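Undergrad: The lines below spell out each chain.
There are 2 protein chains.
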Amino acid sequence: MISKWLNVRSLLSTEQLSNIYKYEQIDNYRDFHPNEVINHALSKERWIDIPQQLLENYQMIGRQTPLKRAFRLEKAFGTNNKIYIKREDTLSNGSFKITSALPQAYYGSIEGKSSVITETGAGQTGVAAALAAKLTGMDCKVYMVRNSYDLKKLRRLMMEMYGAKVIASPSEYTNIGRDLIEKGEKYGSIALATSEVMEEISQTNGSMNIAGSLFDFVLTYNTLIGLEVIEQLINNNIEPDIVIGCVGGGSSFGGFALPLLDYYGDRLERVVCTESSAIPTLTEGSYIYDYADGNGGGNKLLMYSLGCDFKAPGLHASGLRYHAASPILSHFVHEGTIEAQAYDETEAMKSAIEFAREEGVVASPESSYTLHAIKEMCKEYDNKNIVALLTGNGQLDLESYGGFL
Amino acid sequence: MISKWLNVRSLLSTEQLSNIYKYEQIDNYRDFHPNEVINHALSKERWIDIPQQLLENYQMIGRQTPLKRAFRLEKAFGTNNKIYIKREDTLSNGSFKITSALPQAYYGSIEGKSSVITETGAGQTGVAAALAAKLTGMDCKVYMVRNSYDLKKLRRLMMEMYGAKVIASPSEYTNIGRDLIEKGEKYGSIALATSEVMEEISQTNGSMNIAGSLFDFVLTYNTLIGLEVIEQLINNNIEPDIVIGCVGGGSSFGGFALPLLDYYGDRLERVVCTESSAIPTLTEGSYIYDYADGNGGGNKLLMYSLGCDFKAPGLHASGLRYHAASPILSHFVHEGTIEAQAYDETEAMKSAIEFAREEGVVASPESSYTLHAIKEMCKEYDNKNIVALLTGNGQLDLESYGGFL
Numbered sequence: 016m017i018s019k020w021l022n023v024r025s026l027l028s029t030e031q032l033s034n035i036y037k038y039e040q041i042d043n044y045r046d047f048h049p050n051e052v053i054n055h056a057l058s059k060e061r062w063i064d065i066p067q068q069l070l071e072n073y074q075m076i077g078r079q080t081p082l083k084r085a086f087r088l089e090k091a092f093g094t095n096n097k098i099y100i101k102r103e104d105t106l107s108n109g110s111f112k113i114t115s116a117l118p119q120a121y122y123g124s125i126e127g128k129s130s131v132i133t134e135t136g137a138g139q140t141g142v143a144a145a146l147a148a149k150l151t152g153m154d155c156k157v158y159m160v161r162n163s164y165d166l167k168k169l170r171r172l173m174m175e176m177y178g179a180k181v182i183a184s185p186s187e188y189t190n191i192g193r194d195l196i197e198k199g200e201k202y203g204s205i206a207l208a209t210s211e212v213m214e215e216i217s218q219t220n221g222s223m224n225i226a227g228s229l230f231d232f233v234l235t236y237n238t239l240i241g242l243e244v245i246e247q248l249i250n251n252n253i254e255p256d257i258v259i260g261c262v263g264g265g266s267s268f269g270g271f272a273l274p275l276l277d278y279y280g281d282r283l284e285r286v287v288c289t290e291s292s293a294i295p296t297l298t299e300g301s302y303i304y305d306y307a308d309g310n311g312g313g314n315k316l317l318m319y320s321l322g323c324d325f326k327a328p329g330l331h332a333s334g335l336r337y338h339a340a341s342p343i344l345s346h347f348v349h350e351g352t353i354e355a356q357a358y359d360e361t362e363a364m365k366s367a368i369e370f371a372r373e374e375g376v377v378a379s380p381e382s383s384y385t386l387h388a389i390k391e392m393c394k395e396y397d398n399k400n401i402v403a404l405l406t407g408n409g410q411l412d413l414e415s416y417g418g419f420l
Numbered sequence: 016m017i018s019k020w021l022n023v024r025s026l027l028s029t030e031q032l033s034n035i036y037k038y039e040q041i042d043n044y045r046d047f048h049p050n051e052v053i054n055h056a057l058s059k060e061r062w063i064d065i066p067q068q069l070l071e072n073y074q075m076i077g078r079q080t081p082l083k084r085a086f087r088l089e090k091a092f093g094t095n096n097k098i099y100i101k102r103e104d105t106l107s108n109g110s111f112k113i114t115s116a117l118p119q120a121y122y123g124s125i126e127g128k129s130s131v132i133t134e135t136g137a138g139q140t141g142v143a144a145a146l147a148a149k150l151t152g153m154d155c156k157v158y159m160v161r162n163s164y165d166l167k168k169l170r171r172l173m174m175e176m177y178g179a180k181v182i183a184s185p186s187e188y189t190n191i192g193r194d195l196i197e198k199g200e201k202y203g204s205i206a207l208a209t210s211e212v213m214e215e216i217s218q219t220n221g222s223m224n225i226a227g228s229l230f231d232f233v234l235t236y237n238t239l240i241g242l243e244v245i246e247q248l249i250n251n252n253i254e255p256d257i258v259i260g261c262v263g264g265g266s267s268f269g270g271f272a273l274p275l276l277d278y279y280g281d282r283l284e285r286v287v288c289t290e291s292s293a294i295p296t297l298t299e300g301s302y303i304y305d306y307a308d309g310n311g312g313g314n315k316l317l318m319y320s321l322g323c324d325f326k327a328p329g330l331h332a333s334g335l336r337y338h339a340a341s342p343i344l345s346h347f348v349h350e351g352t353i354e355a356q357a358y359d360e361t362e363a364m365k366s367a368i369e370f371a372r373e374e375g376v377v378a379s380p381e382s383s384y385t386l387h388a389i390k391e392m393c394k395e396y397d398n399k400n401i402v403a404l405l406t407g408n409g410q411l412d413l414e415s416y417g418g419f420l
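Order-wise, the sequence lines are chains Z and X.
Just so we're aligned: the first sequence equals residues 16 to 420 in the working numbering.
Just so we're aligned: the second sequence equals residues 16 to 420 in the working numbering.
Since the hints were made in silico from the structure, they are not lab data.
The structure presented is a predicted model; accordingly, all values stated were derived computationally and were not measured.
Mixed in with the good hints, there may be bad ones.
[To be verified] Quick partial rundown of chain X residues pointing at chain Z, CB under 8 Å, derived from the structure:
{"hint": "1", "residue": "Leu169"}
{"hint": "2", "residue": "Leu172"}
{"hint": "3", "residue": "Tyr177"}
{"hint": "4", "residue": "Gln410"}
Glycine included, C-beta positions come from ideal geometry on N, C-alpha and C.
Using the sequences plus the hints, can you model the full thing?
TA: Structure, rendered in structure tokens:
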């Protein structure tokens with residue numbers, strides 16, 4: 016079993032890091048995140064030990080997750096390529112998100128935090144935060160974007176099942192929320208929910224936030240995914256050729272692909288991240304210093320961005336709606352080590368339906384782009400070992416598939 | 016890996032069998048089920064080989080399923096008992112049901128059947144049938160009880176995701192259905208849906224039914240669950256003391272507990288099946304010859320029953336609403352080898368919520384009764400190895416939990 020995380024910042028030189036994080040003042044985040052978590056973000060060590068208690072929690076919620084060959088899909092494609100799928104859908108909470116939520120909650124709890132206050136869009140981050148808080152003995156309150164709160168009732172119930180209090184944002188609980196409601200804001204957004212969370216944390220002793228994406232510590236904690244894959248590939252004598260996953264903020268892809276890139280290097284023929292052509296951050300965005308927060312808050316970071324004021328269209332894969340992508344991931348895309356491919360939503364959803372019918376697994380809509388990329392890849396290549404990440408299961412997103420059935 | 020099923024009829028003597036099945040004319044079912052499946056029901060062999068193709072399909076959908084110790088639950092109960100949970104919730108379709116659906120579809124397909132026509136209540140059987148049909152190259156049509164069709168939209172979508180056509184029953188597609196609609200039947204029932212299915216199968220060449228419960232061949236195919244548990248217990252040097260699962264028709268419990276009973280015999284201190292006190296088939300029903308079908312069709316079988324005209328009340332665990340229980344399981348309850356315990360729904364659902372908060376897993380409402388039994392058991396015993404079956408995951412049943420949160 017893997018017992019260390021790979022620190023993703025250790026993959027870049029000091030010069031590269033100081034360029035990317037020129038305007039970063041990460042110490043300011045110590046008011047919102049546990050100290051040890053921020054220490055990990057700033058660490059120069061290559062490896063970070065995973066505490067024993069966390070290893071036990073990881074095991075309990077279903078890590079390591081399986082790496083399974085998709086024999087039937089290969090046959091349906093009539094391909095000689097071998098397709099291996101890393102199955103994060105098998106985790107108890109339904110997605111990879113718990114992999115980074117657990118350590119955040121764990122370090123918070125040992126630093127004396129007693130409550131998690133966090134934001135969520137479609138709910139995957141909120142579900143993971145709720146479970147992570149419960150497993151570490153903390154209370155949890157989730158500000159859920161009101162539009163999702165109304166439409167994604169089962170994800171809300173799942174957070175409540177894990178003991179969280181779920182609040183539609185904008186809410187009456189914060190000054191920002193009350194102000195927004197007065198101005199007629201009906202749907203909310205992740206940026207507005209984040210603002211409510213920050214206001215409440217700053218006024219609540221012993222409270223902390225759980226980040227679901229973007230921060231380097233999230234990628235570092237998620238490297239467990241890629242490190243497990245390396246171990247699984249080695250144990251089965253498989254040499255990977257092509258690595259594929261989807262990118263919203265890049266936290267699952269970074270955790271999956273960066274350890275593989277680090278370990279296999281040039282032996283990897285292609286490392287491909289997929290995104291929606293409706294939100295083409297990595298394929299059409301600019302490599303600029305931009306704000307991480309959708310409301311222009313936080314620090315400016317060097318990354319691919321569509322602009323922090325980009326208005327993302329509706330998308331069934333709501334996890335891919337973020338305007339930018341992780342600075343470290345963006346760095347590798349910019350230097351050409353990692354490529355990006357954008358696909359049409361309808362094509363992606365159809366490929367996910369085909370996947371369900373061949374392999375029996377309902378994928379998260381985010382991963383539909385990955386599944387479509389595999390299909391396209393199989394037209395182009397022969398006798399390759401393709402390793403792909405399935406970020407979560409889509410059972411609670413079945414309504415999203417409804418229109419494509 | 017397990018490569019044989021245990022034939023549950025081989026556990027009884029010829030005299031016992033001829034008493035129980037005095038009125039059975041199972042050959043009549045050859046019009047609706049594959050010949051090999053009916054042969055298995057009648058077989059006198061102790062073991063039945065699982066074909067290689069099926070072993071591969073079983074592996075693909077997530078067998079073997081894990082047997083995991085519930086450390087946090089033990090701690091929450093403050094008990095010295097060790098609690099082991101067989102995790103059928105981890106299967107791709109979400110429940111144990113695929114374990115018996117797959118072989119039925121497999122044998123049908125090699126006998127030249129081209130379509131599955133089947134009935135479903137809350138949808139777990141339908142989801143498993145849809146996936147089994149797809150994996151064996153058959154079309155699938157599911158008559159879903161209209162009340163569930165309207166209320167359980169995500170289960171319907173999941174069947175469609177697997178390529179099935181889902182029809183609300185009563186429907187306009189059959190004489191029986193049209194007649195019922197004319198008479199004002201709005202909600203439907205599993206018995207009525209079965210009647211529609213039988214009518215359509217009798218008029219459709221190459222079609223077959225997939226049974227979700229009751230038939231002995233279903234229990235036999237499900238013995239894979241118990242056989243896996245035995246292997247897992249042996250590999251981990253665990254000697255089980257108490258075995259617990261829930262019973263609707265008894266197909267999951269039979270598949271789980273009968274192999275354990277056969278292997279460990281008197282070394283098991285208690286073998287307990289749980290049911291809802293609102294439908295107390297095994298705790299308050301009569302041991303009589305009764306019809307298996309809720310509409311009085313089929314053969315009379317010796318079993319515990321509340322009467323085939325019993326009107327089951329609404330229950331969140333809709334899989335437990337059946338009026339009778341498997342004849343073979345009933346036999347063991349009648350002779351006292353297996354005990355039955357009935358629990359209140361509210362207590363059961365609360366125990367399932369506690370389980371989610373301790374172990375991170377949302378259980379099927381059916382299994383909430385098992386989870387409550389474990390809790391009660393831990394008040395009574397010390398230092399026992401408790402082995403329990405979790406029949407499926409309840410993510411698509413989260414609305415059922417809503418009222419208890």
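Undergrad: Please go over all the hints and tell whether each is borne out by the structure.
TA: Status of the hints after comparison with the structure:
1. Leu169: OK, holds: Leu169 (chain X) within 8 Å of chain Z, min 5 Å.
2. Leu172: With Cβ-Cβ at 4 Å, under 8 Å, it holds.
3. Tyr177: holds, 6 Å
4. Gln410: holds, 5 Å
Going down the numbered hints, you'll see the structure goes against none, and every one checks out.
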